[in-house]
Amino acid sequence: EAGVTQSPTHLIKTRGQQATLRCSPISGHTSVYWYQQALGLGLQFLLWYDEGEERNRGNFPPRFSGRQFPNYSSELNVNALELEDSALYLCASSHGTHNPSYEQYFGPGTRLTVT
Amino acid sequence: AQSVAQPEDQVNVAEGNPLTVKCTYSVSGNPYLFWYVQYPNRGLQFLLKYITGDNLVKGSYGFEAEFNKSQTSFHLKKPSALVSDSALYFCAVRDVSDSWGKLQFGAGTQVVVTP
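So the sequences go chain by chain: E and G.
Numbering of the first sequence is given in the working numbering, commencing with residue 1 and proceeding in unit increments.
Numbering of the second sequence is given in the working numbering, commencing with residue 1 and proceeding in unit increments.
Excised from the complex, chain E in its bound form (with noise of 0.2 Å):
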């Protein structure tokens, strides 16, 4: 069975652009969650969607943005980047169906670099 997939890998962007990360879940999840981790601030919550809704939200600007497409892939998108920015950023899939015990499964993340 498929893992979580990620892309890309690595970003490099400047600052003031825009970056949009990717993330495919586990055939058959539903939820994808969105999962900041920058050097020092431990792993912070972004988003959460299940069935194409936003279920859940992060202590985080409207800059960050996303969306669930029909197929339960999702991205993430950055706008107006800023160097604090610069993270890696961990997609997670899950079954759905409001039940909080299911346990997340990670992809490898997208290193987004903000120069």
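No wet-lab data here; the hints were simulated from the structure.
A portion of the hints provided could be inaccurate.
As the list claims (entries may be wrong) - So, partial list: chain G residues that the calculated Cβ filter (under 7 Å) puts toward chain E: (1) Leu44; (2) Tyr50; (3) Phe105.
To be verified - Counterexamples of contact, computed for chain E against chain G with all Cβ distances above 12 Å: (4) Ser27; (5) Ser65; (6) Glu82; (7) Ser94.
Bear in mind the structure is a predicted one, so any value in this text is a computation, not a measurement.
Note that beta-carbon positions come from the ideal geometry of N, C-alpha and C, so glycine has one too.
Starting from the known structure of chain E, fit chain G onto it as the hints suggest.
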């Protein structure tokens, strides 16, 4: 509100010795508890979870964790550590009654196993 504390930034242990990584949590209701491991430049891997039932949970790679409701703890243990267990370990909690609540991660504990 829910929270997780991992009181040790780093745990050092000699190969072959027992390994313990501490985690305490706080939730309004009953918890679902998870442990994940992250190897350098990789995504998180699911190790084990506590949902209900037996307080001792067994997981992948010989790890186990003990749920203690009175102490609100969920410590990760391994009887005999391997050098390959050196990694970053995250504890996470979710409130059973909050269907769309996010998974709250601790700050992580770096485990270093020396030969």
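Hints versus structure:
1. Leu44: 4 Å, holds
2. Tyr50: Interface hint status for tyrosine 50 of chain G: violated (10 Å vs cutoff 7 Å).
3. Phe105: Status holds, d = 4 Å.
4. Ser27: Holds: least Cβ distance 17 Å, greater than 12 Å.
5. Ser65: 17 Å, holds
6. Glu82: At about 23 Å from chain G, glutamate 82 of chain E clears the 12 Å cut-off, so the statement holds.
7. Ser94: The claim breaks: serine 94 of chain E does not keep its Cβ more than 12 Å from every Cβ of chain G (closest is about 9 Å).
Violated hints, listed in ascending order, are 2, 7; each of the other numbered hints is respected by the structure.
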